[in-house]
Amino acid sequence: MADFNYYFRVRYGECDAQSVVFNARYADYVDITMTEYFRVFYGGFENLITQGYETQVVNLNISWKSSARFDDVIHGTVGVKKIGNSSFTCQVHLTQQQSKKPIASADITYVCVDSSSFEKKAVPQSLREAFDAPIQPITINHAGDVL
Numbered sequence: 001m002a003d004f005n006y007y008f009r010v011r012y013g014e015c016d017a018q019s020v021v022f023n024a025r026y027a028d029y030v031d032i033t034m035t036e037y038f039r040v041f042y043g044g045f046e047n048l049i050t051q052g053y054e055t056q057v058v059n060l061n062i063s064w065k066s067s068a069r070f071d072d073v074i075h076g077t078v079g080v081k082k083i084g085n086s087s088f089t090c091q092v093h094l095t096q097q098q099s100k101k102p103i104a105s106a107d108i109t110y111v112c113v114d115s116s117s118f119e120k121k122a123v124p125q126s127l128r129e130a131f132d133a134p135i136q137p138i139t140i141n142h143a144g145d146v147l
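Going by full-length UniProt numbering, the letters in the sequence shown line up with residues 1 to 147, in that order.
Keep in mind that the hints were calculated from the coordinates and are not lab data.
One thing to keep in mind: the hints can contain errors.
[To be verified] List time: in silico BS3-like cross-link candidates among lysine-lysine, alpha-carbon distance up to 30 Å:
#1 K65 to K101
#2 K120 to K82
#3 K82 to K101
#4 K101 to K81
#5 K82 to K65
#6 K121 to K100
#7 K65 to K120
#8 K65 to K100
#9 K100 to K120
#10 K101 to K120
#11 K121 to K82
#12 K81 to K120
What you are looking at is a predicted structure, and each value in this text was computed from that prediction instead of being measured.
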């Protein structure tokens, strides 16, 4: 997981009355991290669409560890946990960049479907190969000049 590093900053509107990130925002953080990861190692979800595939999230399980607050810089990493017939599961870890304190971890499962009929479809071979291929270490920093 150390080869992909995504940094983003908690915005004021993502926090609740307790001055911490509202619980539903963690799902957004997982989705944003996965989108950036997918863009790096597979050219983005658009690459699947041009091949006649779409993905749909069928399971998202987030384990909360500690609070994130306004202006915290969050470090996201992604690893592929399992590749099935028509689905794949990734694991996302979110930590507070400065303290290295774990904030949340998530398992997210996508199912591949036909882009026209939305019927389940086998994970394409090109995606399987992309999951197995090593990626060059990369850092995406949407947090500003903090690293």
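Outcome of the hint check:
A hinted pair counts as satisfied when its Cα atoms are at most 30 Å apart, and K65 with K101 qualifies at roughly 9 Å. Our distance criterion of 30 Å between C-alpha atoms is met by K120 and K82, whose separation comes to about 17 Å. Annotation: proposed proximity of K82 to K101 holds, straight-line Cα distance about 26 Å (limit 30 Å). Proximity of K101 to K81 is assessed by CA-CA distance (about 22 Å); at most 30 Å being required, the pair is judged to hold.
About 23 Å separates the Cα atoms of K82 and K65, which keeps this hinted pair within 30 Å; it holds. Taking the CA atoms of K121 and K100, the gap is about 39 Å. The hint is violated against a cut of 30 Å. Between K65 and K120, the direct Cα distance comes to roughly 34 Å. Violation of the 30 Å bound is thereby established for this hinted pair. Distance check on the hinted pair: K65 and K100 sit about 12 Å apart at the alpha-carbon level, within 30 Å; holds.
The straight-line distance between the Cα atoms of K100 and K120 is roughly 39 Å, outside the 30 Å bound, and the hint therefore fails. Taking the CA atoms of K101 and K120, the gap is near 38 Å; set against the 30 Å cutoff, the hint is violated. With a C-alpha separation of about 16 Å, the suggested pairing of K121 with K82 holds against the 30 Å cut-off. At most 30 Å may separate the alpha-carbon atoms for a hinted pair to count; K81 and K120 meet this at roughly 20 Å.
The structure is inconsistent with the numbered hints 6, 7, 9, 10, although it conforms to all the rest.
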